[in-house]
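**Q** Going down the list, the protein sequences come from chains A and B. Per our numbering, the first sequence starts with residue 1, numbered consecutively. Per our numbering, the second sequence starts with residue 1001, numbered consecutively.
Treat the hints as calculated values from the structure; they're not laboratory data. Even glycine gets a Cβ: it sits at the ideal position worked out from N, Cα and C. A hint or two may mislead.
Stated by the list, open to error - Some, not all, of what chain A presents toward chain B, calculated at C-beta under 10 Å:
#1 Ser161
#2 His163
#3 Thr304
#4 Ser403
#5 Leu426
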Amino acid sequence: MNNGHTHVLLIEDNPGDADLVRLRLVEGESTVDVSCVDRLADGLAAMAKQPPSVVLLDLNLPDSRGADTFRKVLDQAPGVPVVILSGQDDEALAMKALHQGVQDYLVKGDITSTHLERVMRYAIERQALLRSLEMSRRQQLEFKNQFLSHVSHELRTPLTSIHQFVTILLDGLAGEINPEQRYHLQTVLNSVHQLRAMIGDLLEATRAESGKLRVEPRCITIADLIQQAISMMAATAKERRVGLEVGLDSRIPFVYADPDRVLQVLINLIDNGIKFTPPEGSVLVKACLVNADPNMVYISVADTGCGISPEARTLIFERLYQDPNSAHNNRSGLGLGLFIAKELVELQGGKIWVASEVGNGSTFSFTLPLYSLAKLLFPVVVYEGQLRDAMVLVKVELTPLASVSRSAWKEVCQQSLETLRRCVYLDKDLVLPVTGNVGFSETFFVAASTDLERAEIMMKRIREQLETRGGLKASGMLKVSASAVPLPGMEEGKTLEDRVQALADCISAMAMSFLGSKPPEVGTETQVQPS
Amino acid sequence: MTKPKILIVDDDPDLRRALKIRLRANHYDTVQASDGYSAISVALKENPNLIILDLGLPAGDGFVVLERLQNSDALSDIPVIVLTARDPQSSEQKTLQAGATAFFQKPADNNELLDVIRATLPNNWPGTALPS
C-alpha cells in the first residue's frame, strides 16, 4: 500500500483470531509483512524498536484490558495509526477509542480481506494527513511568533529615538521650555510609555501562546508586593483623582510565587481598575485567607467603576478582547493585559476570575499557592514510606563584588541557582525556594538526604560547577558550608506527615537563623571587600 | 580635570546623537562608532572608560565585539553596557555571559542607565562630577 511495503504489528493473544487475521492479510494482494505478539508489553517493545505502518490491536490482553490498552499504545507512538480488533459485544468501547485517537475498528468474525485492506489503507492515509496538518499548524504558529517578535524589535528603534529626544527637550538639555511646551511634551512621553508597554505585551502574549512564559517561584511576602504595586500606581491614581486603598490580612504566611510576575499581574489589575473608575471613585486591593481553601491566598482588586456586562465577563480574559460597550473610550491597550495576567496566574498554580455588576464596579480576584516547605520536602525525604535516615542543610552564599551592577548580579544569581539545581539529586535533595525578593547578596539552601561526610562530595561539585559557570567568578564570591539537620523522633501517634512537617519546621528555623546573622541586604550599598 | 570617556557603539545616528547630548549633560566625554569593526579600532585609539554597545551592528555584531574586547589585553578591563532593542529573555543572559556588565532594552529609562553607568565606572574616578 504505502510505496509497496506495509509492516503490520498484530497484538492479539487469541491464537485462533491471530491466525485468521494473518490469513486475511496474506490473501490480499499487497505486500504485507506481519509480526504478531500476544502481550501488550511485547507490542510496545516492538513499536519502540521499529515503528510499524499500522497496529492491529486486540483490547483484552493478558497484561492489559479495555481502554487502558489503546491509551498505552497511543501514548507510546502518537504518530502510528491504530486499528482495534473488537468483539461483537464491545463496539461501544471501540467508539470511545475512535474519539481518543484510534483510527478505525474491525469487528472480529466479520473481517474479509478486502475490508481489512481498505481499513488499514485509510487508517494509514488519515494518520499521514493528521500529521501534515499538525506540522503546518506548528509552522504557522512559529512563523507568526517570529513575525511578532521581529515587529516588536523593529518598532523599538524609532520609539527609542522619540523617547530620547522628548526627554532631552523635557529635561531642558536643548534650552529652556515654557510650561505649555512642557505639558505637550509630557503628553508625547506618556504616549511613548504606552507604546512601549504595548510592544512588551505583544511579545508576552506571543510567548504565552507558545508556552514560553517563564515563572520562577520563590518564597515571598504578598503584603510587600501589594504595597510596592500601590506605590508604583499612586501617581496615576492621583492624577485621575481615584482613591487607592489597601486591606491586608495580617495572618497571611509566605506565598510561593514569582514576585516579578505577581507584581505584573497586580499592576495590570490596578491599572485597569483606575482606568475604568470615574474621578472620586476608588480602587481597593485586598489579600486574605479563605477557610474553605486553606492552601491558597486570595487577592482581589475592586473598583467602583462602570462594571462589566455579563457577555463581556465571559470573554474578558480572552486574547485581544476589548469591551465594545465600554462607557469610556479608554482603549489605550491591545486587549492583551488580562490574557497575560490569566496565563501568569495559572502558570503559578492559581486561578483568576471577575465578579461585576454593570454600574456597580468590578472585582478581579486571583489566587496563589501558600508556601509549604513540608509539601515540597515530602517526596524528597520519604523513601518507601519511611523518613530517610540522615539530612544535611547545605548553605551556598554568593556575595557580589562592589563593582557589579544590580541587573548583572541578578542574572548571575539566577544562573547560579539553575546550575545548583543541576548539582543535586532530584529524588532525594531539594534546593529550597529562595526567600524574599532578589537582594544584593544571595543565599541558597539545599536540603540533602545524606550525612555530613557524603555531603562533602556534593559541596565540592557545587563549588566546581558554580565557579565555572554563569559569570560568578568574575562578579562575586562563593562560600559553601553544611550542617546536619536533627531528625524528628518517632513519638507515639506521630504520622509520617507530622514528622515531615517537624523536619520542615526545623529546616526553616535553621535557614532563617543563618539569614538572620547576615548584614542587611536589600537596598543598601554595603561594600564587600573581595577576600 | 579629565572626565570619564564613554564610547557609544550604535548604527543609528539619531540614537548616538541623543546619547551624546544626554551623557555630555551628565559630564561625560563621548566618542562614537557605528559598526562592530570601528568599535574596536576606536576603543584602541581612544581608550574609553566604558562602552555602551548595541547588539545588532553591521561589520561584526555586538557579540563579536564583546568577544574581541574580552580577548584583547588592552581592552578586556573596559566595562560594557549593552543597550539593544532585542528581547531580554533571549539575549540578556547571553550578553552577560559574553562579558557585558549590564543589559538594557531600548527604550531604556535615562535615570536607570545613568545610575548603572555611575556604578560601573571604576570607583574613585578622579573626575566623576556630580550628576545633574
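**Q** Each hint needs a verdict: does it hold in this structure or not?
**A** Hint-by-hint comparison with the structure:
1. Ser161: holds (5 Å)
2. His163: holds (4 Å)
3. Thr304: Check failed: Cβ of Thr304 of chain A comes no nearer than 32 Å to chain B, outside 10 Å.
4. Ser403: This interface hint holds because 7 Å falls under the 10 Å limit.
5. Leu426: With Cβ-Cβ at 23 Å, over 10 Å, it is violated.
When the structure is compared with the earlier hints, violations turn up for hints 3 and 5 and for no others.
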